[in-house]
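Between the sequences and the hints, there should be enough to build the whole structure, so can you do that?
Line order of the protein sequences matches chains A and B.
Counting from 1 along the first sequence, just add 67 to a position and that's the residue number in our numbering.
Counting from 1 along the second sequence, just add 67 to a position and that's the residue number in our numbering.
Don't read these hints as lab results, they were simulated from the structure.
Fair warning: there could be bad hints in the mix.
Heads up, the list lumps identical chains together, so a pair's fine if it works in one copy or across two of them.
[What the hints assert, rightly or not] In the DSS-like style, the derived pairs of lysine-lysine whose C-alpha atoms are separated by at most 27 Å in a straight line are:
| no. | residue 1 | residue 2 |
| --- | --- | --- |
| 1 | 96 | 193 |
| 2 | 213 | 110 |
| 3 | 186 | 208 |
| 4 | 73 | 193 |
| 5 | 96 | 186 |
| 6 | 96 | 208 |
| 7 | 110 | 186 |
| 8 | 213 | 125 |
| 9 | 193 | 125 |
For reference, the chains in residue letters:
Number of protein chains: 2
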Amino acid sequence: MNVFMKRAVELAVDNVREGGQPYGAIIVKDGDIVAEGVNTLHKIYDISGHAELIAMRKLQEEIRTNDLSEYVMYASGEPCKMCQSAMYLANLTRIYYCQTMQDAIDCDFPESDCLTLEKLNTLANKMERLELEEGMEDPIKLWAQK
Amino acid sequence: MNVFMKRAVELAVDNVREGGQPYGAIIVKDGDIVAEGVNTLHKIYDISGHAELIAMRKLQEEIRTNDLSEYVMYASGEPCKMCQSAMYLANLTRIYYCQTMQDAIDCDFPESDCLTLEKLNTLANKMERLELEEGMEDPIKLWAQK
Chain A
68 MNVFMKRAVE LAVDNVREGG QPYGAIIVKD GDIVAEGVNT LHKIYDISGH AELIAMRKLQ
128 EEIRTNDLSE YVMYASGEPC KMCQSAMYLA NLTRIYYCQT MQDAIDCDFP ESDCLTLEKL
188 NTLANKMERL ELEEGMEDPI KLWAQK
Chain B
68 MNVFMKRAVE LAVDNVREGG QPYGAIIVKD GDIVAEGVNT LHKIYDISGH AELIAMRKLQ
128 EEIRTNDLSE YVMYASGEPC KMCQSAMYLA NLTRIYYCQT MQDAIDCDFP ESDCLTLEKL
188 NTLANKMERL ELEEGMEDPI KLWAQK
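The following block contains the structure:
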């Protein structure tokens with residue numbers, strides 16, 4: 068383990084001491100830590116307040132681009148599918164993590180919070196398509212015409 | 068299609084007229100629209116600024132809970148895996164969408180922005196685990212002891 072992962076784990080430990088969940092994340096470029104985040108669910112109502120997403124949002128706002136293709140993520144815990152998706156969209160080069168979802172489940176962390184692919188797939192049962200009706204403006208085609 | 072999806076599509080159309088991407092979303096409870104969101108990628112640096120997540124964040128802050136189990140989502144476009152994951156974590160009851168990812172791809176919407184499961188799975192090649200070393204504090208176990 069390198070100094071970057073040690074810092075991510077340290078952030079996670081500190082977050083627990085402050086009443087939060089045991090997750091921290093940092094983003095690195097050219098050997099420097101350029102952003103840090105911790106899980107904020109204990110203090111802000113926002114289901115997307117996971118450590119990885121918090122670090123990404125901070126960085127994207129600061130560097131004024133959503134393209135993180137030159138950056139590396141170190142997350143103290145295995146990223147859930149929401150955070151993985153955001154990392155995919157942001158083109159992160161490389162993602163390191165330390166503790167697994169199973170580590171969390173073994174410590175009675177709420178299983179529903181460990182978002183695996185199997186769980187995500189169950190959402191399909193709750194989703195339904197309603198098609199555009201005739202005469203309605205088509206937003207995607209409108210976008211394409213611009 | 069009902070009035071709720073019509074409103075989501077209308078938001079998407081308006082967002083295109085304002086220079087944004089063709090996506091809108093609303094959240095409904097007991098027949099009332101309680102939150103609205105549009106894709107904010109044209110004006111805020113935050114890769115998670117998709118219409119569905121924006122609507123969820125607004126609502127969660129307002130009602131001061133992340134539990135949306137009594138709420139229904141209407142999204143003008145098929146939700147990507149990031150937004151689906153957030154909806155799963157928030158326990159949304161039901162999700163309706165209108166235009167598909169294929170509709171977007173057919174109109175030359177950047178394919179990388181249409182986040183499907185197949186694409187998300189490619190992220191596995193970029194992920195690697197670094198284990199805790201002896202003597203380091205274990206954040207998850209620390210959390211479990213509290």
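Now the hints, each set against the structure:
In this homomeric assembly, residue 96 and residue 193 come within 27 Å of each other (Cα to Cα) only across copies, at 16 Å, whereas the closest approach inside a single copy is 40 Å. Taking the shortest alpha-carbon separations for residue 213 and residue 110, only the inter-copy value of 17 Å comes in at or below 27 Å, while the best intra-copy value is 41 Å. Taking identical chains as interchangeable, the C-alpha atoms of residue 186 and residue 208 lie at most 27 Å apart only when they sit on different chains, with a minimum of 24 Å there against 33 Å within one chain. Proximity of residue 73 and residue 193 under a CA criterion of 27 Å is satisfied inter-copy only: 20 Å between copies versus 40 Å inside one chain copy.
Taking identical chains as interchangeable, the C-alpha atoms of residue 96 and residue 186 lie at most 27 Å apart only when they sit on different chains, with a minimum of 24 Å there against 33 Å within one chain. When the C-alpha separation of residue 96 and residue 208 is checked against a cutoff of 27 Å, the pair qualifies neither within a copy, at 38 Å, nor between copies, at 30 Å. Taking the closest pair of Cα atoms, residue 110 and residue 186 come within 27 Å of each other only inside a single copy of the chain (26 Å); across copies the shortest separation is 33 Å, beyond that limit. In this assembly of identical chains, residue 213 and residue 125 lie within 27 Å of each other by CA distance neither inside one copy nor across copies; the values are 31 Å within and 29 Å between.
For a Cα distance limit of 27 Å, the shortest separation of residue 193 from residue 125 across copies, 22 Å, qualifies, whereas the shortest one inside one copy, 32 Å, does not.
Checked against the numbered hints above, the structure violates hints 6, 8; every other hint is satisfied.
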